[in-house]
Amino acid sequence: MAVFKVRRRVDAYVDYVAEVEADSPEEAAELASDDEAAFNWEEEGPCEFDARMFIALDADGSEIDGTQCGDL
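Under the numbering used here, the residues of the sequence shown are numbered 3 to 74, in order.
Any given hint could turn out to be false.
For lysine to any residue, the following SDA-like pairs were computed, each having C-alpha atoms within a straight-line distance of at most 25 Å [stated by the list, open to error]: (1) K7 - G47; (2) K7 - D62; (3) K7 - A53.
Read the hints as simulated data drawn from the structure, not as lab findings. Bear in mind that the values here come from a model prediction, so they are computed numbers and not experimental data.
Model the full structure from these sequences, guided by the hints.
Listed below in structure tokens is the structure:
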């Protein structure tokens, strides 16, 4: 039986949090969006989704077309 390398890709994002002085939550979000570099963002951590993708890799580590499966 042959052995193949398979990549598992998990859908995820990383959350960051900053303190924003504003008159309302809506204004705080807008201020952060307008000038995100003005705030001290602290990493809160990664968040993974249930979506998964699996794909076989060739000898060079490239993805092999037609082998993708999962629930993306």
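(message) Going through the numbered hints above, which ones does this structure break? Give me the numbers in ascending order.
(response) Those not satisfied come down to hint 1.
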